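Residue numbers (the numbering used here), protein chains in the order written: chain W, 15 to 412; chain U, 15 to 412; chain H, 15 to 412; chain X, 15 to 412.
Keep in mind that the hints were calculated from the coordinates and are not lab data.
The model shown is predicted, which means the values in this text are computed figures rather than measured ones.
Careful: at least some of the hints might be erroneous.
Copies of one chain are not kept apart here, so a pair can be met inside one copy or by any two copies together.
In the DSS-like style, the derived pairs of lysine-lysine whose C-alpha atoms are separated by at most 25 Å in a straight line are [as the list claims (entries may be wrong)]:
1. K68 to K313
2. K195 to K313
3. K313 to K202
4. K195 to K117
5. K246 to K67
6. K65 to K202
Protein chains: 4
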Amino acid sequence: MALNPPLSRRLRMGIVGGGLGSFIGRVHTMAAGLDHRCTLVAGAFSSDPEKSKKTAPTYGVDESRAYGSYEAMLDAESRLPDDDRVDFISITTPNHTHYEIAKAAVEAGFNVICDKPMTFDLAQAESLLKTVENSDVVFALTHNYTGYPMIRQAREMILAGELGQINAIRSQYIQGWLAEKVEEGDHKQAAWRTDPEKSGAAGAFGDIATHAFNLGRYVTGELPESVSCHLKTFVEGRRLDDYGTAVIRYQNGALGTVTASQISHGRENDFELEVDGSLGSLKWRQESPNEMIVRRNGKPHQIYTRSPGSGFMTTLAEASCRLPAGHPEGFYGAFSNIYAAAFDDIARRAQGLPFERRNTVYPNVYDGVEGMLFIEQCVASHQQNSAWMPLSHPAARR
Amino acid sequence: MALNPPLSRRLRMGIVGGGLGSFIGRVHTMAAGLDHRCTLVAGAFSSDPEKSKKTAPTYGVDESRAYGSYEAMLDAESRLPDDDRVDFISITTPNHTHYEIAKAAVEAGFNVICDKPMTFDLAQAESLLKTVENSDVVFALTHNYTGYPMIRQAREMILAGELGQINAIRSQYIQGWLAEKVEEGDHKQAAWRTDPEKSGAAGAFGDIATHAFNLGRYVTGELPESVSCHLKTFVEGRRLDDYGTAVIRYQNGALGTVTASQISHGRENDFELEVDGSLGSLKWRQESPNEMIVRRNGKPHQIYTRSPGSGFMTTLAEASCRLPAGHPEGFYGAFSNIYAAAFDDIARRAQGLPFERRNTVYPNVYDGVEGMLFIEQCVASHQQNSAWMPLSHPAARR
Amino acid sequence: MALNPPLSRRLRMGIVGGGLGSFIGRVHTMAAGLDHRCTLVAGAFSSDPEKSKKTAPTYGVDESRAYGSYEAMLDAESRLPDDDRVDFISITTPNHTHYEIAKAAVEAGFNVICDKPMTFDLAQAESLLKTVENSDVVFALTHNYTGYPMIRQAREMILAGELGQINAIRSQYIQGWLAEKVEEGDHKQAAWRTDPEKSGAAGAFGDIATHAFNLGRYVTGELPESVSCHLKTFVEGRRLDDYGTAVIRYQNGALGTVTASQISHGRENDFELEVDGSLGSLKWRQESPNEMIVRRNGKPHQIYTRSPGSGFMTTLAEASCRLPAGHPEGFYGAFSNIYAAAFDDIARRAQGLPFERRNTVYPNVYDGVEGMLFIEQCVASHQQNSAWMPLSHPAARR
Amino acid sequence: MALNPPLSRRLRMGIVGGGLGSFIGRVHTMAAGLDHRCTLVAGAFSSDPEKSKKTAPTYGVDESRAYGSYEAMLDAESRLPDDDRVDFISITTPNHTHYEIAKAAVEAGFNVICDKPMTFDLAQAESLLKTVENSDVVFALTHNYTGYPMIRQAREMILAGELGQINAIRSQYIQGWLAEKVEEGDHKQAAWRTDPEKSGAAGAFGDIATHAFNLGRYVTGELPESVSCHLKTFVEGRRLDDYGTAVIRYQNGALGTVTASQISHGRENDFELEVDGSLGSLKWRQESPNEMIVRRNGKPHQIYTRSPGSGFMTTLAEASCRLPAGHPEGFYGAFSNIYAAAFDDIARRAQGLPFERRNTVYPNVYDGVEGMLFIEQCVASHQQNSAWMPLSHPAARR
């Protein structure tokens with residue numbers, strides 16, 4: 015098994031977003047290119063055609079393929095010959111734009127790799143799900159933390175029963191960058207993320223609690239049943255939550271907690287996950303992603319490290335490594351693993367081969383629907399004094 | 015300031031509990047004796063007089079003062095001359111016995127140092143409060159984690175405003191020793207702690223979540239308003255909760271979370287506390303008690319270590335240290351600091367000097383009442399589908 | 015300042031080495047491509063032309079530019095038009111081949127990025143230095159650990175005097191992958207690294223102690239004076255050292271230690287550096303590369319994290335970051351920073367602009383000479399019962 | 015097995031040293047008393063009789079037994095009846111006084127517990143060895159770090175062959191408290207430790223490198239053969255070394271390193287030990303003493319924690335625990351374990367039972383001789399340009 019077998023040719027990537035000063039757009043391009051299986055060749059980097067053109071050389075992209083809108087890009091690229099047209103579109107713009115871009119790209123037959131949360135609201139997500147189901151494109155959603163080798167190791171160990179029955183899933187996603195009202199200044203990232211017109215119904219919960227929820231789902235495979243949530247906005251005048259806690263009941267009886275903060279001073283991207291099973295427990299921290307601690311009563315604790323060739327790595331986890339143990343792999347590597355798996359399916363589609371739609375290695379449109387449901391039900395629970403709200407969706411991956 | 019100034023003489027300690035195989039009883043005696051200010055001279059170590067006598071030499075106690083019941087001890091010691099009688103009684107038996115022992119000891123005029131939770135239920139706690147208020151004895155409750163120097167540093171820094179307005183208080187107290195049904199075997203600790211007749215209305219929440227709640231209160235001084243709780247019993251056939259999560263609204267608008275587990279494999283006594291303020295955040299872990307991390311946006315993170323003489327320790331925190339930096343102090347040291355502060359008041363009382371009753375350095379009967387309220391309201395909230403229950407008490411320390 | 019400003023066009027990379035199963039060759043290509051400033055277009059991936067051709071598609075390289083020898087590559091590429099020819103050659107083959115490849119490439123006018131140690135012995139290194147000095151090419155040496163942002167932060171803080179006078183430089187580079195005689199099996203990496211015909215006079219000391227020595231030099235800028243060394247070969251039958259310790263006297267009076275091991279079970283790439291100055295000390299660990307601890311008596315310890323925009327990062331360190339704080343950057347990022355700085359000079363050369371030759375941002379041929387001197391004097395000291403051997407070289411960067 | 019079985023009565027302790035402001039004296043008394051097996055009843059706390067009397071109540075000692083000199087104490091206590099006289103003398107004064115006090119105490123028939131280094135020089139140590147051998151007293155030396163449970167676990171695992179053949183023993187003992195010339199001020203600890211008249215031939219090497227050497231010896235049992243050493247005095251005007259590195263050849267072929275510093279800013283008592291064997295490696299840090307990492311190629315790393323009852327602790331290690339896992343034990347606990355084992359032998363002697371003289375659980379006079387040899391040979395090697403000096407002694411424990 016390999017996540018990055020050679021393709022018959024380098025794929026051609028187009029991007030929406032990624033303009034100068036962008037964070038996540040640039041990450042997408044680096045992640046996509048890491049394995050030499052893809053080259054960025056086109057971009058609607060900005061809605062300002064001049065800015066888009068100025069951005070192009072920072073990616074080594076020819077100005078002729080720097081577009082001023084996603085519509086222009088889809089239109090122009092659709093008309094290029096097969097051996098020049100982009101193979102897929104990455105969507106890295108603010109949340110409120112995902113839906114229309116993704117829908118248009120899918121309908122135009124392009125494979126899509128979309129940033130999270132998938133859409134602005136659940137209704138859009140369910141609509142997009144239909145669009146994707148009616149198409150034959152590959153659709154990946156960059157819940158990038160699922161790309162870390164040790165997360166995949168956790169998943170494979172849990173699904174193999176090594177922790178026994180899952181009882182508890184605790185996740186904390188703690189950041190501090192919004193501890194002050196930076197959205198009032200010249201901070202574009204902060205501005206749209208705290209703006210309900212662009213971010214959606216939730217702030218911290220839309221931006222990062224969704225990752226936390228998704229990771230618990232990915233690692234354990236347990237299906238949620240209901241959620242009770244309390245949100246807070248600590249920075250005065252901010253319009254969306256910047257803190258909150260959700261308690262989750264899973265269908266198997268497990269209890270989950272998700273706490274997300276963007277107001278915890280000095281906390282960077284401190285996302286940690288703990289899972290307790292009847293036979294063992296595990297803990298993983300995103301800021302030290304190359305290791306995971308597994309504990310069992312009566313045994314010394316075990317530190318599983320990302321260590322291909324060691325003999326104790328699970329199949330997908332090992333295939334997700336690019337470097338030997340002790341040579342830190344980080345955020346790009348994980349992100350890149352989402353792309354790598356999507357590329358495999360893009361190649362299959364290009365060859366007319368069948369590929370999995372729902373239980374893919376990478377997060378997909380189904381996960382996107384479930385993430386939007388999570389956001390909406392957290393907000394609804396909060397508005398109803400933390401009442402338990404249902405959290406199961408027929409589209410949930412299982 | 016010093017927590018352990020020389021007393022005019024060594025105090026004489028009597029203990030209830032602490033029999034062979036006891037854990038917390040022995041801790042009490044070590045903690046009490048660490049500074050050479052106290053000697054254990056009497057004990058109702060067991061309700062079996064023979065066992066009590068057998069235990070005595072393991073403490074260097076004369077058999078003549080090894081009693082078979084607390085009543086016998088109170089009676090005999092009361093009749094001893096002033097310069098021989100015990101100065102205080104430590105209560106280290108299971109929860110359901112605390113009330114009657116404490117009440118009797120207080121009424122007999124003995125100072126009391128009582129293990130937590132203070133009583134079996136809130137009604138007992140409120141009754142005991144009256145008894146103590148009607149007496150002139152010193153009453154300390156061993157929420158021992160408040161004795162750690164770095165916890166006191168945290169408290170003093172927060173009360174001085176160094177973290178600004180307090181927004182969030184997260185605590186996790188994670189253990190694994192009850193992951194299996196060990197109470198069925200020969201595990202006395204497990205047996206009574208999982209028995210509702212002895213432990214009270216809650217299991218993990220009575221045993222350890224109370225510590226977590228108390229520590230948040232101690233460190234921040236913030237008053238709670240209401241609580242929403244969900245409890246679980248994961249080990250089949252167990253009669254009390256072994257896991258749970260409570261969300262706490264504080265009166266100042268802060269949001270708190272307390273998660274307690276006794277079923278997380280391999281987790282030892284993994285109690286951590288995080289506090290977010292508008293100017294900074296802090297994090298402390300009981301298993302690495304000699305350090306605390308303070309973070310502020312725009313500054314390198316700071317590791318405050320237990321380091322007397324460094325110049326950056328606060329007054330009470332520095333007075334709570336016995337060793338130079340880097341020479342690990344642990345559980346005894348913290349426990350001992352509770353005793354040390356109580357000894358100061360015991361000495362004042364003996365000299366007829368006034369002493370503080372409510373805002374003492376050590377946890378006291380008021381904290382005990384609040385702890386019992388917390389347990390009862392968590393159970394009540396759980397029983398009412400996590401409804402928010404009031405959590406303020408007129409006796410709360412402020 | 016930026017390490018990765020847009021270039022007028024993507025550079026074209028050629029590689030020697032990097033065949034299937036290669037570790038470091040693939041790292042070079044990923045590092046080179048990360049910022050979209052370079053595309054791999056040619057490779058002498060293997061000395062077997064068939065294997066070379068088979069490797070090409072794993073890099074997205076056209077088979078027509080997969081060569082069977084470096085000579086063939088230099089020859090063919092030299093004859094390509096300016097706008098097609100590779101801009102630089104990366105040398106990623108075993109040590110004993112570096113010299114002839116590098117010399118030929120430089121003489122053919124190609125910029126060179128060479129893996130370390132630079133050559134097989136000091137004589138070759140000094141000869142190559144002359145070749146480079148007589149050319150106008152850019153020559154970088156991938157002492158990649160100097161590319162970590164926090165290492166650059168350390169360097170800039172130290173050179174600015176923040177630690178005062180440097181007294182001690184301790185480095186440990188501890189690995190375990192050669193704890194058993196894996197070179198006897200099918201382990202190509204192990205085979206050549208333990209073979210004196212390919213690796214040079216030293217094993218662990220050539221492979222990793224050179225990194226440790228180089229990093230101390232880079233971070234502090236202090237010039238060495240002499241070295242006393244003791245080497246060991248613990249695995250029976252191995253022909254080169256797999257363990258050793260060197261003590262280094264620096265010209266300013268500082269004392270250094272370098273310990274390197276390849277036989278420490280389970281140790282992955284555990285390379286740590288500690289520097290003591292008269293005003294402060296620092297510690298950095300390669301396996302947690304995004305942070306560095308700075309300590310000063312009388313102050314809380316400080317954790318400097320890789321955190322662009324925080325305000326406390328130094329200029330080059332900040333320019334060496336691609337991601338926000340808390341989003342782990344790792345081995346690729348650091349490696350890539352070496353390439354990025356070399357690309358800047360390659361672009362200057364292409365435009366006919368002057369560029370620095372000796373005190374470059376990236377390690378260079380001068381550092382390579384000093385590294386080879388270190389290896390040779392360590393071996394010589396060892397052979398003379400750890401006698402102190404001179405360790406200063408006129409070509410040392412200062 | 016138990017380190018602290020009940021004794022027939024509490025032992026009576028006398029101390030030399032421990033005056034107001036003393037660090038290590040107070041530690042001795044706390045350690046001695048922790049298990050209720052001993053009470054401090056007498057002290058030559060200071061050479062100023064008034065100060066000694068003033069100190070007495072801070073220990074709960076009656077003024078009548080506060081002496082102005084060790085001679086006075088030995089004389090007076092010798093004349094007390096058997097059931098009142100001190101059972102042993104703890105020596106906690108500066109190094110240069112150990113010999114005469116210890117010799118006199120032993121000759122007077124008192125058991126002795128002596129701080130390290132044992133004497134001022136090797137000649138004294140060898141003389142004291144003879145005195146002890148000619149007596150029947152118990153003599154313990156407080157190389158207290160050997161008392162940590164996880165150190166004993168390490169020793170027992172290594173002696174049982176779990177790490178295979180021992181190849182490397184690395185220890186670093188890094189402090190910062192002498193980074194400035196604090197001995198010029200009112201810092202008594204610093205004053206005598208930097209004074210060659212009181213400290214002996216070495217500073218940092220006498221004070222802490224001896225611990226590091228001793229711990230390597232204790233944990234592995236390997237016998238040293240020779241040493242090469244380089245010492246430094248970084249603080250201007252200081253008369254003894256405050257930094258140094260020794261390389262040690264062991265008789266079995268292992269290579270050891272000891273680095274000691276007292277000038278590393280902000281480093282507290284950062285003493286770490288790493289041992290590499292042919293089957294595994296381990297690492298332990300004094301500042302996190304309750305855990306030890308064991309690594310083996312091809313296995314997840316293992317964290318052994320102090321966890322009595324877990325099933326994986328070795329016999330002596332488990333007997334050295336007082337608290338359950340996760341309840342931090344620290345410096346006192348370890349120190350106390352030295353006392354506890356000595357008490358066992360003191361009790362045996364009192365009952366006329368035979369007891370081990372050389373391979374005791376606690377460090378003893380033989381270890382003291384070897385420690386003094388280490389100091390002298392390190393200084394000698396340093397003075398001879400790091401020449402290898404023999405390091406084996408017939409009295410070495412094996």
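Right, here's what the structure says about each hint:
no., hint, verdict
1, K68 to K313, "neither (58 Å within a copy, 34 Å between copies)"
2, K195 to K313, "between (48 Å within a copy, 18 Å between copies)"
3, K313 to K202, "between (49 Å within a copy, 22 Å between copies)"
4, K195 to K117, "neither (34 Å within a copy, 53 Å between copies)"
5, K246 to K67, "neither (41 Å within a copy, 58 Å between copies)"
6, K65 to K202, "within (15 Å within a copy, 49 Å between copies)"
Of the numbered hints given earlier, the model fails hints 1, 4, 5; all others are met.
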